[in-house]
Each structure stands twice: as C-alpha cells, then as structure tokens.
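Protein chains in written order, with this note's numbering: chain A, 19 to 1178; chain B, 9 to 394.
Please keep in mind that the hints were generated in silico from the structure rather than gathered at the bench.
For every residue, glycine included, the Cβ atom is placed at its ideal position computed from N, Cα and C.
Treat the hints with caution; some may be incorrect.
Unchecked claim - A few chain B residues facing chain A, derived, Cβ under 8 Å:
(1) GLU59
(2) ARG184
(3) ASP214
(4) VAL216
Unchecked claim - For each label pair, taking beta carbons as the anchor points, the in silico distance ranges come out as:
(5) ASP612/A to VAL306/B: 51 to 61 Å
(6) ARG89/A to THR228/B: 53 to 63 Å
(7) GLY186/A to THR97/B: 29 to 39 Å
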Amino acid sequence: MPPTDLEPARMNRKKGDKGFESPRPYKLTHQVVCINNINFQRKSVVGFVELTIFPTVANLNRIKLNSKQCRIYRVRINDLEAAFIYNDPTLEVCHNESKQRNLNYFSNAYAAAVSAVDPDAGNGELCIKVPSELWKHVDELKVLKIHINFSLDQPKGGLHFVVPNVEGSMAERGAHVFSCGYQNSTRFWFPCVDSYSELCTWKLEFTVDAAMVAVSNGDLVETVYTHDMRKKTFHYMLTIPTAASNISLAIGPFEILVDPYMHEVTHFCLPQLLPLLKHTTSYLHEVFEFYEEILTCRYPYSCFKTVFIDEAYVEVAAYASMSIFSTNLLHSAMIIDETPLTRRCLAQSLAQQFFGCFISRMSWSDEWVLKGISGYIYGLWMKKTFGVNEYRHWIKEELDKIVAYELKTGGVLLHPIFGGGKEKDKYVYYPEVFNKLLSLASTASSQKFQSHMWSQMLVSTYGFLKSISNVSGKDIQPLIKQWVDQSGVVKFYGSFAFNRKRNVLELEIKQDYTSPGTQKYVGPLKVTVQELDGSFNHTLQIEENSLKHDIPCHSKSRRNKKKKIPLMNGEEVDMDLSAMDADSPLLWIRIDPDMSVLRKVEFEQADFMWQYQLRYERDVVAQQESILALEKFPTPASRLALTDILEQEQCFYRVRMSACFCLAKIANSMVSTWTGPPAMKSLFTRMFCCKTCPNIVKTNNFMSFQSYFLQKTMPVAMALLRDVHNLCPKEVLTFILDLIKYNDNRKNKFSDNYYRAEMIDALANSVTPAVSVNNEVRTLDNLNPDVRLILEEITRFLNMEKLLPSYRHTITVSCLRAIRVLQKNGHVPSDPALFKSYAEYGHFVDIRIAALEAVVDYTKVDRSYEELQWLLNMIQNDPVPYVRHKILNMLTKNPPFTKNMESPLCNEALVDQLWKLMNSGTSHDWRLRCGAVDLYFTLFGLSRPSCLPLPELGLVLNLKEKKAVLNPTIIPEVIAGSQEATMNPSSHAQLVGFQNPFSSSQDEEEIDMDTVHDSQAFISHHLNMLERPSTPGLSKYRPASSRPTIIPQHPSGCDGTPSTKPQWNMEFSRKGTGREQSPLEMSMHPAAATPLSVFTKESTSSKHSDHHHHHHHEHKKKKKKHKHKHKHKHKHDSKEKDKEPFTFSSPASGRSIHSPSLSD
Amino acid sequence: MADTAATAGAGSSGTRSGSKQSTNPADNYHLARRRTLQVVVSSLLTEAGFESAEKASVETLTEMLQSYISEIGRSAKSYCEHTARTQPTLSDIVVTLVEMGFNVDTLPAYAKRSQRMVITAPPVTNQPVTPKALTAGQNRPHPPHIPSHFPEFPDPHTYIKTPTYREPVSDYQVLREKAASQRRDVERALTRFMAKTGKTQSLFKDDVSTFPLIAARPFTIPYLTALLPSELEMQQMEETDSSEQDEQTDTENLSLHISTDDSGAEKENASVLQQNPALSGSRNGEENIIDNPYLRPVKKPKIRRKKLRLKHVFNSLSSSSQRLCPWGAAGLRGRTSHGLTLSLLEKNSRYFLSSSSWSLGLNPHFHFIVFFLLLLPKSCLLLLNT
C-alpha cells in the first residue's frame, strides 16, 4: 500500500478535524481525458487531458500534477503555452555513483523520493509554470484550464496490453488493453492529481477500432463513428466526483451481456466466453440486493460494469462504477470449487464500490476505515450467503492470518496518532474489531450519501469515529486506542485449576507482550465455561497485574444420573461422562469465544475436555480449535472423537476436512499401537464405495457438495499416513491408485477435475524420501516399484491434459507439483528443464506459477546460479506483471539462501543485479518494487550484504552539512541481525516489519530518523532551486541542462507548437543523468543529480516504518537532537580506499559505535 | 437404366466366376469379361426389342456398363473401408447405388421380371481343378433365381450357425473393472500414440520411452482451453441434464444420496451454489425492452451533408442486406463466406464422427455440394438485387 506522506496526515489531524484541507493551492473540479489513438501493434496511446482548476491562493504560479512514464508534448493553460518540468525521482531511487548497498539507506532515499512527488503533500512529477500573462487572472482566483497533450509508448505499468500473436485483425485476435496497478497508479497512464482525496467530475473519451468496445467509468453517453467509419468514439460522463485513482479503462473486442435482472448492469468478456459470463454473473443481482438492503441505500452510481480480462494484475480491481476481473474467474455450471470463490470476488468488488470508490479516503492513514467497512459488509454478505459457519470460519482464518503475520513481522499500525506513518496490509481485514463499529457505520455512511459537499465523500478516521458516536451515542474511544492507535496482537496463555472446596474455577491468564508484534491488553474478556448444568458466560476484567480470576461454578460436581446437558445454543444432549474427572463439573472452557479481540490464545485443558469440546460444542471455531489441540493427544479416545466427527453429517464440512488431517497425524503418532485398517480407509469405503465391492468407488455424484469436499480430502490426508518404517503403507497407495482407476465421471453433472487433481496430490503426499545407495544416479532401473506406479499415473494424466484439458488445468498443476516432489525425494533425477518449459509465456497462468514454484524450489535445493539468473531474467522481462510479482514473492518465501547462510550463489554480481532491480528496474510498478525490496531483505538483510567487499572508508565527508559522519554502509550488523532472526517478511508490509523492531530496540543506533527529513528537505531544497530558472546552480546540478530543452517531436497528428520557453521543457533521460559529472561533484550532490528520487506506493511499507519509528521516539528525539546530527551520508571518493582500512570489519564489533559528529 | 444395372449384377458375378476359371493371365481374363459383358448387353438389347445392333453401339454400351459396375465396386469399397471393414456388405452396395441415383426398391421386382433372359454359362476354357476336400453334409441347392452354372454352395458347416448362449456379464464389479481398464487402455494407447508422433519430454535423461510426456506447447490464447469446457464435457453435460443424476445403478449410492440431501446444512450450501434455473426463462420475455447504452446503435459522425448521404446510403444498404439475407452478405465477402462454409462443413463432419450411423450416413462432400447449391442462388439473387 502506498504510503504517501505525512504532511496531509498532520493536517487532517488538527483538533476536531472537521473538513478536508487540500494540500494543493487549487481545487480541481473537472477533468477531461481523451484518448484518441490506441495502437495495439505498437502498444501506444496518444491523447490529452484537460483539468479545470480554481486557484485557492492568489499567488499560484506553479501547478504540480502527477504523471509517470507519459511523454508530455505540450501544456497549455487557458490556451496559452506553459512551460513545464517533468521529473520523476522514483525512476531511480539511489544514484549510480553510490555504492551503498544497504536497505536502510535505500528505504530512506525511497521515502524521500516518494514524498517529493506525493500528491497528498501537494507534490507531483509534473511541474507547470503558470504563464505570466495569467498571473492577474490567477490573483482573482478565476478558473484555469490546463490542457496537456501526452502519449504513452509501450507502457510498463498502469496500462497493460494483451496482444495474442495470431492471425487476423486486432479484434479477431482478442487483443485488449486495461488499466491496472497497485493503489493509486493512474498517473502511469495520464497526467492527473493521483490522490484519493482530490475529487472531480469526469468526461472520458476513447476512440477505438469499430470492432472494439471501450469500457470506462460513469455513463456511456453516446458512441459515435469517426468520419472514415473505421473507428468509434465512446463518450463517458462521470458526474459523481471521483478521485483520479478510481478511474479505469478497458478496451477490447468484448462480448456484451446486459444483466437480465438489472439492465443498468453490463458485463463484458473476451470473445467466445459469453456462455461462461452468463453463468458467472447470474448471481450478481442478489449481491446488489443484499448490499442495498443492509445499507438502506441505493447503489451510488447509475450503472455498473464488470469486465473480465486476461493477464489480470489482480483478480479483482474495483473502480468507480466498474470492476475489472481476471478472466480466469469465469466458470461454467459444472465447476464446483471455483463458484464460491468467484462469487466472493464479485461480492468483494461490489462492497468496494460503496466504500473505496464512491466514498474515498482523506489520507493514507484512513485507508483502513474503507477497507474495514467494505470488508465488513462483505462479511455480512458471506454470512447470509454461505451461512454462519462459513462466516465464523472465515473470521477465524483472517484472525489467524493477521496474528501469524504480526507475530512474525511485527505489529501493523492502523492509524498512527503521533508521527505520520500509516500502514495496513492489504490482505488483512479486521472484521471482528469492526464488528460493533461498522454496523453503526453503515447507517452513518448512508447519511453521507445525500451530502452535496464533495469533501463529505471522503472519510477519515476521525470523521468516521465521530459519525459512530453521533449515531450510536457510544464511546468507542478505548477500543480505538487499543486497536487503531496501537499495533500488535494480544497473546494469551491460559490455564486453570478447579477448587473443589470453594466450587470455584481458578483461571489464570498470562499475557506475552514483549515479543515483537504483541501488545498488552487491558479490558473486558469473555470466558465461556461449559459445565454439567449448562454453559455460562463470564466477563473478566483483564487488568495490569491480575493474573488469576476466580469464576464460581454453577453445578455441583456430583452428577445427576441420566440428565441431559444443556449447551450454549439451548440444545440439550446426552453425553457419555465417563471420561470426565469425577470431581469437576467442568466440560470445557473457552477464552474469548467471539473473537472480539485480536488475539492468539494458548489454553491448557485436559484431553478429554478437548474431546468434549470437539463433539458437543456447536461453534465451528471451537471445533477447529479442539482439533488443533488434539494433535498433541494421540490417544484412542482422540481417535474416536475425530472419527465420530468425520462421520457426523451435521458437522460443518471444513471441520470434517481438518479432522481428516488431524486423524492422519494422530495415527502416525500412534503407529505402533494402531489397530485395524489405516485411518479413514474403512470410513471412506463406507461412505463412497460400493457396498458389494468395497474396493471400487461409486461412480461420481457430486450433488452433495459436503460429501464432495470430504471425498476429495480424505485420500489426501490418508496419503500422509506412515508405517513404522516411515513409509506410506502399501495398502493406502493401492487404495488411492484404485480410486484413480475406478474414477468414473460419466454420469456426473459436475466436472471432476478438482477431484482428480486432489488424487494426484494424494499420490504426491504418499511419496517418501528414496533410499539412496551411495549416491547412485537415479535411473529407470533402480526406480522404486511404487514410484513407478505413481509415475505411470502422472504421465497418463499429464498427457491426457494435452488432449482433453481440464478446467484451469488443475490436473497439470497437480502433476507438476507431484513431479517436483518426486525429484525432491530423490526418485527422479532433479531437473528443472520440464518446469522451465511449462513456465514459458503462453501457458495458462496457474500452470506457469506451479512450474515457477518448482524452479524456485530447485534453485534453492540445487543452489543453481543458472536457474536463479533465469528467474531474475523473467522477473525483468516477462510480459505478465502478475507472474513477475509472483516470482519475487515465491523467491522471498522460499529463498535460495538467507543472510546468515553461506551460499555460492551470494556474490557481488547478484547484489548489484538485485539492487538495480529495486533501484531502477521496477519503477513502473509499486508492487514489484516492494517485492524486490522484500527479496533483497530476505537474502541480505538490512545492512550491507556480507559478500560485498568492505566499504573503503569509515567516515565520509558530508559537504552539504559540512561535517563528517560514519559511513552508513557499515552499520553494525548485529542490530539488524538481532531483529531479523525473528522476522521473515512475506508481504508488502514487510519493511514495516523489519523496521519496527529496529525502532523499538535501538534508540541510540546510528541511523537516525532525521535522515528522512533531511533528505526530504534536501530534495525539496534542490527542487526549489530547479524551479528557479535563474539559479546559477541549475546548470551545474543538472546534467540535463547541459543539453537544454529536449523537446520531443510532435507527432504529425498533434498540432502542437514548440513551447515558448524551451528551457523549461526538459525531459530527463535517466541514463544520461549524472554520468557526465565528475565524481566529486556527484558525491556532493547526489540528490540533485538524481532528480528527486521519488519513492512510491509500495514503499509504503518502508515509509511507514520510518514514520512509525519516528513516532515512537518523538519524545526522545527532542532531548537527543544534538546527538542526531548526522545527516545524509555520502560515500567518499573511492580512491582513498586503500589508505583507510577502517576497523569495523566485523559486523559484531560495530554495534557500539556511535558516529561522532565531527565538524569539518 | 434399371435394366443395365440388373444385368450388371448378374454380369459381374458372372465375371467373377469366369475369372476363377480362367487360368490365363490378365489379357485372357480381360477378354473373357468383355465378352461376357457384350453378351449381357446384347441380351438386354434383345429383351428391349432390338433385332440388331451395330458393333460400335454395342461396344459403347458395353463400355458404359463396365464403367458403371466399376464405379459401384469402387464406391462400395470405400464405404466399407470407412467403417473399418475389408469386405463390402450389402448395405455398402445399397448406399452406393443410392448415391449414384439408383432407386434400389425397384431392383427386386426387376430381377424377377418374367421376360428376363438368362445368359448361358460362359465358355469354360480350363476346367477348374476341384480341390479334393472333405465334404460334410448335404450342400444346399441353388434358389430358383440363381443360374445353375454358378458355383455350388459350400459345405453347410461353413455357414450354418449354432447359436450358443452365455450369461451376459452383469456383475457390477466386473463391469466397473472392465470399463475402467478399457478406458485406461484407450487413454494409454492414445497418449502414447500422441507422444510417439510429436515432441516429447522425459523425466529420465537415459530413457525417453518409458514415461514419455507430450511436450508442453504454449498457446497463443491460453485461457480459452483452460476455461471453456471441452466438447466431451459439454456432451456429457447435455446428457446428464436430461437424465436425472439420481438414477444410478448402484442403489446404495442412491439411498445415501437422499439422506444427505435431507440434512439442513447441506441444503443451505447447495441452494447457494446451485444455479437458478429460472434465469434463462425470465430473460427472453424482457429482452426487447432493455435500454442499455451498449446496445444502442452507434451514431454517425456529424459532418457535411454530401458525405453523410453517401455514407448513409452505403450503410443502410449493407445493414439492410445483412438483415435480409445473412447468406448473401457473407457471400459478398469472399473470406467470410469461405469460412462460413468451412465451419458448416466442420459441423457436419463432426456430426459424422460422433454419430453411430456413420456407415449409413452420407458423404461430407455431398453436404458441401448441397450447401454450396443452397448458397449459390441466394448470393446470386443478392448480387442481382444490388
């Protein structure tokens, strides 16, 4: 998530925080976007934008807009030529001359670069000078119309072209283009104010081939042919004020489907997929109805469009009045597994239409409110559609995810109070925390819909809280304080004793709030105790020092014979109480059963209590918790409880599925005492096989989805069974092979592709490491006979896929995974060639990802430099952004080596390559850049990679500050090391993760947060200089000025005239920048040489952490200000390398060193 | 025409027997056949009431007859080969005749006509050496319509059948077993064949034949194959849609099925995921009143009047012609029309492949011609109109 800046955050945070204060000296009211030429062959776009703005200050003479990778031909303000500078510092974050290779340095520079062009701080890449003729006009605060002609050639981000290489016209080939990107990425395809808080009305025009359709935001007013009748122009009007970041576009030869239930809703898909589209979207109207009902408000836009495109950037992207989906979400009526997933995606995008698109946010720190509200109403939809069980299961899943994430990488801060960072992991929702808040919010937000004030359409954290208290009258401040203003989760350890004399349950609840990602919780906590006489809720007050809580029991310990036991839901059941402790009336205890706290609970209770909980507690979350706990009690009683649950048809299918895996684990632990057939075999036979011939499975009938999921899962779990030799029992393997052999889907209404894929997964699960006799080479002759059978099946399946491909090629995907398992276990020679061929562009994306995963794994296991290079090459060159992102992601998750590991792969060339990738190679995609940073962190850690030669100089002169500072390249390793051990960043927020501990543990460490501000100040300083054409320094600082006024040629179709002030028109050529300067000059003015390194979105994370850090130490900073004087550190001339062998060679030794601030 | 054909039948069998008797090489054989045919032609002429005929005309008629018979033979052969047989059956001949425009129904009546002439046995040049075989049983006499010079029936044991009855395999287990292994064998054979004929990959460097993997081949549009159900699945879907899923042979399956259906949770789940069948029904009625901006016609550009006129005329012309006669419009554009016919052909040939009545079915080429003929006058019409 793009962190943007702190300035607006501060602004918003002023007491009361009433309206929205724009960081810009003007108000944007209307924007026209006109794209009059799209060339699919050349992948280029030509067009213009026209922004209508009202100055809000009298002396407005510079207007800053966002624009990346666009080529700007000409800017006119009220028909007068205007000079402009186009300057994108995020293109290259750190500069060529710098040999710094540590991430701290990088993230500081990136933060500075990003905020230098951050629209929320009033900045932008494009700086336009208001012509002097208009100054008077401006002083009267009259309207300005800024007309910008631009073009885009082979965009690497923002717009994605898909042009299949086949015969025919572009429409026949199914070529299409769509806008994409991570958060606010609109600046990548047209100049705009790329902020979620600057709203305006829109007029959008797209001229496309007559066989194509252009889908965009708002109402399609009309479609008009061009004069030659070969093209047509789509005119869209969006009268609801919308942020530029919510503007989108999709052009292609789409098939059009008007929703049969709601005629304002139109669906689009690529040629030939119409039948799938019909089926897939047939459900959408119910989602609409649901949301409109619970929000008691109509859908805000007058129309809605869904577009399904290939090579999607993300599965679901919501924009104002339209959503862009991956075409791979389409499915036919025969597909079971994909249906709920796709419906979830549809519902999710629709929820974001209300909150996120229609209601936008004020600043980055308010993002969580919108994500939270849309996530919450989406959850309500899920509860209604899939049932309470599914809903609670989902909540539990999300809770576990965030707990695991925060414990691993440190806390996630929703809304920082002090400093000004903001961060939130995109994939995390906090439904439970919002539970109370949001039901009120929906009422509150619906009131907002009627407002005419545009700024009312922006939601901020404070505004949101205010509307909650207005509507409900409740004070939720403590809740906010705990969860929004602080990061981290709560970790409870619970245990209990029963005091028979007092008939009291003595509960002890401890908290761990010292490990990273945790926080202390104070407040109410619900505990539910199931006793013989019923289930009772108790609310405990968790306070600072009290660990013990006495809870009086209601039932006497002597038990009444033959009495039914009432459960929480009023049901009364018979239980076999023989397993119980005779003295205690307690059946089971649950802490925080409603998951109203972000917590991880480790609770100790006896195995029989877990078993009772599993059998009789009706809440699916409790059942899953007990399944998890029972893994530690491999006893016949646990086995029986699990088997009973498996057979229990009333039980939620996901619980039964996880019971399968637990049973497999228990069976393995009990292997020496296990009696009877392998676990689950007789059960499966009874449920799914023919009565007369138990070895033959019935012909498939997937009408009952619950049995279907169970039938799919059981063999997979069974294959995990191991005998005393730690091999998969022969009986189980034969059983699975028979399932495959007798699988018969001819009479089935549904496709069995997922089922067959899981059977292959089961085969793969049964594989155990090969017994290798003195490293013999794997050949066919010494192939294990079981493996031979498995291989036979895989070969046949994989080959059949070529002839009769399955939906989404699920079977190919499973086969590839299974082959990698065989390779890894030494049965088949390890070889990446097969996977590499499947990873090529042109295969279905699921196949590619599976194949790439195998290559990544191979790279790690075989330490192959060649494959690593191959992967890195693909990261840089693959046409599909999603695949590039995934490779980085997989490399981060399964790294070829980590920083504490000796590896032949770790060398200087690799460091340089990765550095280049994140420094300049990924400037067109925030997500990719973050991924590259993650990978760099995983491989080398925060500080200078150990494989690099030692930095030549310990101290460097900072000529700007006129003092010497410790060379930042030799930040002591220990610091980083101590924290890094615990974390392994895995998502976009990772930088947050690693910087957090940093901030918390070392106030005195050398990288002080002043750097951020300094470099920011530094950059803005130079920016100002740049803006003053008369500044003598300009020519010196900017190499570009040495070849002044590179004005791109106007294309013939564009009737532009050369700018009147050429010295203002410059196009930065990145490569040329700085090269011509002397080394000395470079080291002196690195920032200037690099036009404003602009950080951006993905840097969010890193930026956040900085701010976070900042906020933690704000109070300390004042005291220590004198100490933290080291400013931007620059490395000195490399010539002095040999002269100064600095002593900080051992990373460990560096820990205590404080850089002394030497003055010059 | 009918006459010739009838005699042709007789004549051809005559030739065959003649050829058997002939021990001379091809020349002799040829002459004998020719002679027989001439006799046939002459006798037919006599039958038709001619008293004499010129040599040349007899020769011409003989030539025609010979061609006709050859064509029957050739055509019948290809039909029988289409169905993977080597010996033509009666139905092959019938189809051949039908296709050659002959009304088969008239044949039996014609064969039994009263005034027909029976040709005497062709002169036997060489007495065939009758193999001394063990004769068993009484040979069947010729039926009245077969001339006596035709060879005798073979020994009864070569054609008399004694039907034996075996219990048909109805055991569920065996059936499943059989179906499974049969399918597996077919799949294996098919994939092996594909692997043999194309590029392959192998998991073992030293052995490429034991586990041959068909090489991965990138698609230009990968999502189409991944998302669209295969034809087999489509067919299956149609079949299962009509027949109730619940009607399974295995009764236990059925009972289990019902019981699971009753459980509440399952219903909840199922109702969500199951497609609403009412959907398609409700749609049709409303279609004509939908007002959606994407369905509205594209506007003409606002330009000078003259141009507009021309364009307008052209437009309305092409659009109206398209509406009136899609075939014609297609015909106008060469490529499209070609593609069209091709796709039609494809459809037909697919029908052929899938239908079990292949052997009785019609030649795809025939269809092509029919379609072509259908197309032709319409496009001509259109051309005339414009």
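Here is how each hint holds up against the structure:
1. The criterion of a C-beta within 8 Å of any C-beta in chain A is not met by GLU59/B, whose closest approach is roughly 69 Å, and the hint is violated.
2. Checking ARG184/B against chain A: minimum C-beta separation of about 5 Å stays under 8 Å; hint holds.
3. The interface hint given for ASP214/B is met, as the beta carbon of that residue sits about 5 Å from the closest beta carbon of chain A, less than 8 Å.
4. Taking 8 Å as the C-beta cut-off, the interface hint given for VAL216/B is violated, the closest approach to chain A being about 10 Å.
5. Judged by the Cβ atoms, the range 51 to 61 Å given for ASP612/A and VAL306/B holds: they are separated by roughly 57 Å.
6. Between ARG89/A and THR228/B the beta carbon distance is about 30 Å. The supplied range of 53 to 63 Å is therefore violated.
7. Remark: the range hint 29 to 39 Å for GLY186/A to THR97/B is contradicted by a beta-carbon distance near 46 Å.
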